[in-house]
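K.L.:
As a plain string of letters, each chain reads:
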Amino acid sequence: MSIFVDGGVDIGLVAHAVAEFNRDRRVGGQNIFVGQVRADTHPEGVVTGIEFTAHREMADAAVSTFLKRIVGHDYIELTASAADNSATALPRVFIRHGLGLISVGEAPLLIAVGTERRDEAFRICREILEALKSEVPIYGKELLDSESHKWKVNQ
Amino acid sequence: MTGANIALSIYGGGDVLDNHAVPLQHYPMTQVRYFGPLTELSGTDEEQLEIAFPIIVGELRAALEQKHPALSGQSFRIAVDAVIRESNSTITAAGEVACLPAFAGG
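Chain order of the listed sequences is D and A.
Each residue of the first sequence is one higher than the one before, counting from 1 in the working numbering.
Each residue of the second sequence is one higher than the one before, counting from 156 in the working numbering.
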């Protein structure tokens, strides 16, 4: 199972993740992070979108590695738990990262975390976000209104 | 440049990254992939190269920089068959070499 999808992430999936975690009677807190393409202004022009690429095989492996470290288990897709929530390991995690062209205002990233208590929901969501930025071979080409471009650099 | 004996030549229809003084044999073609800004500096997303194994990662990097001078001085890591390798490690075979600059996801 891969977290990667073509284009911007469907924000309807936020409700999907929340509803699914709602059904898990062990969950006491959820934290959601949505990353959005911002219309940054550079000397060369204003960002209109970002074209994301990745080394897919390495990216999938990197996600698996950091999830095992941060939440203690590999990625489990939501539908796998439909019948019996108790069979799905906590913390619950739902992640999507878009690839290809994603315009300003669209979302390249969605992280949803469901945990027993609030502190770990915030901490795990943040740790997954930072791992996605620093450990996964993903690249972003910022397209500018001047028809030039600039390579995204994570701060 | 770590190995003055690295020669970049072309034969058999493919580019050869050869660290032997005299090419003794043909090697299987290796897919070399470039990511992020390296695609522009190398002028391509990927290319098929004939690499004379065994080769040290640092030597491979030097040969790639010789082939694409714009890569010189750039910060990037080299992954061999999807595993990032240290510059002093030896590669005995590779189906794919990936040149990976700083990640920029999220």
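Please note that a few of the clues may not be correct.
[Stated by the list, open to error] Only pairs whose alpha carbons sit at most 27 Å apart, straight line, appear in this in silico DSSO-like list of lysine-lysine:
{"#": "1", "chain 1": "D", "residue 1": "Lys133", "chain 2": "D", "residue 2": "Lys150"}
{"#": "2", "chain 1": "A", "residue 1": "Lys222", "chain 2": "D", "residue 2": "Lys141"}
{"#": "3", "chain 1": "A", "residue 1": "Lys222", "chain 2": "D", "residue 2": "Lys133"}
{"#": "4", "chain 1": "D", "residue 1": "Lys133", "chain 2": "D", "residue 2": "Lys68"}
If you're looking for bench data, these hints aren't it; they were derived computationally from the structure.
All values derive from a computational prediction rather than experimental measurement.
K.L.:
If a hint holds in the structure, say so; if it does not, say that too.
P.N.:
Hints, verified against the model:
no.	hint	in the structure
1	D:Lys133 x D:Lys150	holds, 18 Å
2	A:Lys222 x D:Lys141	holds, 24 Å
3	A:Lys222 x D:Lys133	violated, 30 Å
4	D:Lys133 x D:Lys68	holds, 17 Å
Checked against the numbered hints above, the structure breaks only hint 3 and satisfies the rest.
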